[in-house]
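A.B. asks: We have chain D; now place chains Y and A onto it with these hints.
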Amino acid sequence: MAKGILRKLLLPKEEKFFPMFEDMAELISKSAHLLARIIDHNEPAKQEETFLEIKHLETKADDIVHQVFDTLDTSFITPFDREDIQRLTSKMDDVLDYINATSQKIKLYKPKKLLPQYRELCLVVVRGCEQIRIAVLELHNLKNPDKINNACVKINELENIADDIFHQLISELFDNETDPIELIKSKEILETLESTTDRIEDVSDILKTIIIKSA
Amino acid sequence: MAKGILRKLLLPKEEKFFPMFEDMAELISKSAHLLARIIDHNEPAKQEETFLEIKHLETKADDIVHQVFDTLDTSFITPFDREDIQRLTSKMDDVLDYINATSQKIKLYKPKKLLPQYRELCLVVVRGCEQIRIAVLELHNLKNPDKINNACVKINELENIADDIFHQLISELFDNETDPIELIKSKEILETLESTTDRIEDVSDILKTIIIKSA
Amino acid sequence: MAKGILRKLLLPKEEKFFPMFEDMAELISKSAHLLARIIDHNEPAKQEETFLEIKHLETKADDIVHQVFDTLDTSFITPFDREDIQRLTSKMDDVLDYINATSQKIKLYKPKKLLPQYRELCLVVVRGCEQIRIAVLELHNLKNPDKINNACVKINELENIADDIFHQLISELFDNETDPIELIKSKEILETLESTTDRIEDVSDILKTIIIKSA
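Chains D, Y and A, in that order, give the protein sequences.
With the first letter of the first sequence counted as 1, position 205 gets the number 221 in my numbering; the numbers rise by one all the way through.
With the first letter of the second sequence counted as 1, position 163 gets the number 179 in my numbering; the numbers rise by one all the way through.
With the first letter of the third sequence counted as 1, position 70 gets the number 86 in my numbering; the numbers rise by one all the way through.
If we strip away everything but chain D, and leave its shape as in the complex, we get (with noise of 0.2 Å):
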């Protein structure tokens, strides 16, 4: 982050919110895969760190909001709409609010099994991720949107592939699961995964907005 630091001092104010936004993409994005590794191992010894690391990565991500909000709050120019970079930071940091909470339920719930196709639904997570990342970077770029316009749809395709996978998971849950607390545990780590995909939309949707205002 040592290069960070230095672009945020050469930056005239204006362009300050881009590397912010960056930083949040990256911490959306370690936090995804971090995801995916307590779903690999499903053992309270091994991901107890990784709950923490989650869970530290969602308060950094609370920091850069009000550092955003606070050079919002002395900032007269803008690369766009004030609301458009309020809103897009505060559904970036819902991105990871979703991650931690699907961390933290499977912390508390301690279910019995994670089974391995959960893993399937956490990588469409992780690469929606991926594609909010590739969108931020082109943000400073906003008269050429192809990049981020192509990242939207690719989001879109990824929200599709969850519902499908979901659906699927969900389906074999109630039919196989006999145990109805087991059953509620797995139905609900399940939901706010896929819900997580959804928060990842929502990041898109803003996105458009933002190439939409600068048409």
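Hints are computed from structural coordinates only; laboratory data are not their basis.
Everything numeric in this text was worked out from a predicted model, so none of it was measured.
There may be inaccurate statements among the hints.
Identical copies carry no separate label here, and so any pair may be met within one copy or between two of them.
[Stated by the list, open to error] Each computed PhoX-like pair below joins lysine-lysine, with the alpha-carbon atoms no more than 20 Å apart: (1) Lys-62 to Lys-129; (2) Lys-76 to Lys-170; (3) Lys-71 to Lys-46; (4) Lys-163 to Lys-229.
C.D. replies: Then chains Y and A, alone, in the frame of chain D:
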């Protein structure tokens, strides 16, 4: 829809949005009627095709969303704020998403029984969707917003009716259902149905915003 | 409220919004206190009246929402952006909706026990509502937003406290509750209570937007 295509070709660019809104409202209304049919015939053999039909309408609605966004991209003049066009479209799409979600949950959970009382709640959804259609047909006439306002008031009343029916059904469910897994299924199908009326109210809220801004 | 009526008559039109916001904040705060009372006395006979009181406050809040919208309709000058007036009102209304939803779930589910620890979480809601009141009283003074900013910071801290308490309670619930239907009841009552603190944070977010725009 042949009539719709003709109208679109003849319309000046800024009016091309209206037929899209109307098509969307028609899809919503149709899907609500199909959902009522599913609840009436809780036999998987009879339901399977209707699940697919609703899913198909939901995909068509997604296409309209993209069409609206593309048209926004290439339009300099819009009938009202670009962001509100986007929000109205997304919120109408959400209604269909929830109708489809209710349908999918019935499909995936395979509840042993769908009580006839569920139909009552579904009829409130049907009537709310009808009010959306009425309001959307008036969007070209924002200087006389009485009919839209009236539809919004009715949607609000329907939301209150939905609340009462929902509470009654949930209370009976907890009083009578002793199988926890069946309780989970019914509770969530009812909740998704009830949330659909909240999404209808979201459409009403954005309609009210559009009216306020145009005043 | 007689004082309120007098103030309203004497105020120039654009300032008529402030007493409505203040009334709304008062309703929220009152309903939070009533909810704490319900949790203290988990005996249906003692609760019944309080359920109704909260429901009544929620209806009154809906009336204020309509009043704000009507006033917006007939006002040319507003103290801040029309859309933000609308959003602030809706978000405050949402807080009361969630307090009422928690109350209604206790009523409908009839949980065998409401643990005294639930009160702790409810007190965070009470304190968050108090911060909303403090902030709303400062809305006429947007040039000195320190007190509003301060309330928003406190709401954020309360949200974090609520998260910790909630996680502790859910973890204990899954460790100790063996009756799946009672687990469903308690889990959802706790979740709705915790979501109320999220809705309080939504109010805080819109307050921050209003401050940013007025800077």
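A.B. asks: Now tell me if each hint is right for this structure.
C.D. replies: Here is how each hint holds up against the structure:
| no. | hint | verdict |
| --- | --- | --- |
| 1 | Lys-62 to Lys-129 | within (15 Å within a copy, 35 Å between copies) |
| 2 | Lys-76 to Lys-170 | between (27 Å within a copy, 18 Å between copies) |
| 3 | Lys-71 to Lys-46 | within (12 Å within a copy, 34 Å between copies) |
| 4 | Lys-163 to Lys-229 | within (17 Å within a copy, 30 Å between copies) |
Hint compliance for this structure: every hint is met.
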